[in-house]
Amino acid sequence: MAVDVETVAISLPRRTAASPWRQALRRFSRQRSAIAGLLIIGTMILVAIFAPLIAPYDPEQVLLGIEDVGKRAPPCVHLLGCDEMQSQHIMGVDGNFRDQFSRVVYGTRVSLFIGFITVAVAMLAGVLLGAVAGYLGGWVEDVIMRILDVQLAFPFLLLAIAIVSVLGPGLMNAMLGIAIVTIPQYARVIRAGILATKEEEYAAAARAIGSSHPRILFRHILPNAISPLIVQGTLGIGIAILDVAALSFLGLGAQPPTPEWGSMLSSERNQVFSAPHLVFFPGMAIMLAVLGFNLLGDGLRDALDPRLKQ
Amino acid sequence: MIKYIIRRLLSAIPVLAGVLLVTFALARMIPGDPCTAMLGEKATPDICARFNREKGLDQPIPVQFGIYALDVLRGDLGESIRFRRPIMQILVERLPVTIELGLTALAIATLIGVPAGLLAAIRRNSAVDVGTMVGANIGVSMPVFWLGLMLAYVFALLLRDTPFALPPSGRLPAGMDATPFFEVYNWNIEPKTRLYRLLEFFANLYIFNAIITFNWELLGATIKHLILPAVALATIPMAIIARMTRSSMLEVLGRDYVRTARAKGLSDHVVILSHAFRNALLPVVTIVGLQLGTVFGGAVLTETIFNLAGVGRILFEAITARDYPIIQGVTLAVAFTYVMVNLLVDLSYALLDPRIRLN
Chain A
0 MAVDVETVAI SLPRRTAASP WRQALRRFSR QRSAIAGLLI IGTMILVAIF APLIAPYDPE
60 QVLLGIEDVG KRAPPCVHLL GCDEMQSQHI MGVDGNFRDQ FSRVVYGTRV SLFIGFITVA
120 VAMLAGVLLG AVAGYLGGWV EDVIMRILDV QLAFPFLLLA IAIVSVLGPG LMNAMLGIAI
180 VTIPQYARVI RAGILATKEE EYAAAARAIG SSHPRILFRH ILPNAISPLI VQGTLGIGIA
240 ILDVAALSFL GLGAQPPTPE WGSMLSSERN QVFSAPHLVF FPGMAIMLAV LGFNLLGDGL
300 RDALDPRLKQ
Chain B
0 MIKYIIRRLL SAIPVLAGVL LVTFALARMI PGDPCTAMLG EKATPDICAR FNREKGLDQP
60 IPVQFGIYAL DVLRGDLGES IRFRRPIMQI LVERLPVTIE LGLTALAIAT LIGVPAGLLA
120 AIRRNSAVDV GTMVGANIGV SMPVFWLGLM LAYVFALLLR DTPFALPPSG RLPAGMDATP
180 FFEVYNWNIE PKTRLYRLLE FFANLYIFNA IITFNWELLG ATIKHLILPA VALATIPMAI
240 IARMTRSSML EVLGRDYVRT ARAKGLSDHV VILSHAFRNA LLPVVTIVGL QLGTVFGGAV
300 LTETIFNLAG VGRILFEAIT ARDYPIIQGV TLAVAFTYVM VNLLVDLSYA LLDPRIRLN
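Here the protein sequences come in this chain order: A and B.
Residues in the first sequence are numbered consecutively from 0, following numbering that gives the first Met the number 0.
Residues in the second sequence are numbered consecutively from 0, following numbering that gives the first Met the number 0.
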């Protein structure tokens, strides 16, 4: 008998509708743009992991004296008719005699690192602030939300510039700057989710059986507010990559010789008329990465939160 | 409606106070003491003691903040380390360039973004819709600085001998000057007075200056120089505005009263423009106001690339020169403007939406 009961208990859910995650997956895979985003990001992650295998040169190696290369030489691809005698540099050679393609490839590592870490830091702080504000309410909420309001009164990039110029230039400070200015987005998302679920019956039930505040918050409320956070985080990675690249372009972020796309572009920007390839490729890489995360984020939103779908 | 306006005005005060507090805190977070940062190598203990007394830096922090707030309210944003000139003066000189660039960019973004989003919503899932949305997705992912450089390369180099050639830097061609309108009309204004500075400010808006002096050659040259930076700056806001217009329109088009209007036999034209679009406009106006922030941030990048002597360019130079007071002053001024514009946007709701007006 006991066996029978167990079988019923296990098989019941299978006969009902597919689980919410499976439904979300189905909705996700129906969108061409979301799949395109996933492909772009997937490829980038692979490129980042296998960078040493893909890149023909060390990204910081100066080839002057090692090979017969011209300063800022245009791309040379053997398949496209470039002289076989010349060494192949499919994205050309930069102003310091380095192979541009290898630098762009290694740049994938730097940019993905920037995107993920920046968002992780911003999200952690945002979730804590938003969760505390939404859950506790009262004056705590007022204080936190007012502070976040003030932050939103500054244009995004400008506040980041001000923060980083005070902290001092450098990749870590640039990431911290962008993380700080993006905290309110996550705090707001999580607070909205918590306000919506706080009064649900399961939360009241948890309170009634004497669960502690952190337990109610982390076990019962947060998991129900998580999908908008995933969406915001995915879009946030794209924003972080774009804005850290902008800070690097202004000289506030990654410093040479780090192969970061924004700073690569910055150091060759005055040569755009004579060596456009040195500006074109790093910029394309930034755009592709940001586009990938944007498409993925939009796709996730439609998949996880059908109410938002138009 | 008066009540709504007053409430909205009052709610801006704590935000503005917070903005002041942030810029004040930023200045205090600069590594090293302010005296060394300001005076550099000249900072001996003696000089620093006097400097601290003069600037009130020997006072407790809350008092220092009070001094700072009063200075700002009087229009005193401090002095630039590099130029040894009041920052307010520098801002007033440079602001017209940024205003002209920013407004042109915002105009381009709105004039293309709104119709594109509208069209995409009306012809949902058509080629126009898909094209617009793909374009918008690429647009929001575009690094402004890269786009600017590429536009300069294409229009100033590749197309240089065609009618599409556009200049890649500066506001006017070499040798061309914008004579201020008050000189064209021979107004006798004492230089260096307040009135003079005010008129100079407006004369520095070249488009305005060219129009009121009927100088079409100047107008043409100004616009030609503005196109590339403005387009680069407009791309991201345009994409965001198009997306917002589309989704807001789609939502409204699904409402019952739109169906009713169609059922009454009104033409598509009337239904879309006077029933749906007007109601879809509110979120669009909000997003246009918020795009001003993107434009301000982007102006730092675009002005640097296109060599325009605006506020963004001066900020870029201040970063390189570690001219902290300028960074602080520009940040404060821009945040103030941003809050004010969004306040105006909120107030414009009252005009657009009778529910707010009558409540």
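Simulated from the structure, these hints should not be mistaken for laboratory data.
For every residue, glycine included, the Cβ atom is placed at its ideal position computed from N, Cα and C.
One thing to keep in mind: the hints can contain errors.
[Stated by the list, open to error] Partner residues are not named here, just some residues of chain B that face chain A (Cβ under 8 Å, in silico):
# : residue
1 : I29
2 : A151
3 : V340
[Said to hold, decoys possible] Using C-beta positions, here's what the derived DEER-type ranges look like:
# : chain 1 : residue 1 : chain 2 : residue 2 : range
4 : A       : L52       : B       : S347      : 55 to 61 Å
5 : A       : A207      : B       : A16       : 57 to 63 Å
6 : A       : F272      : B       : R84       : 31 to 37 Å
7 : B       : E316      : A       : R206      : 55 to 61 Å
8 : B       : I46       : A       : D141      : 43 to 49 Å
- prompt: Against the structure shown, which of the earlier numbered hints fail to hold, in ascending order?
  reply: 3 and 5
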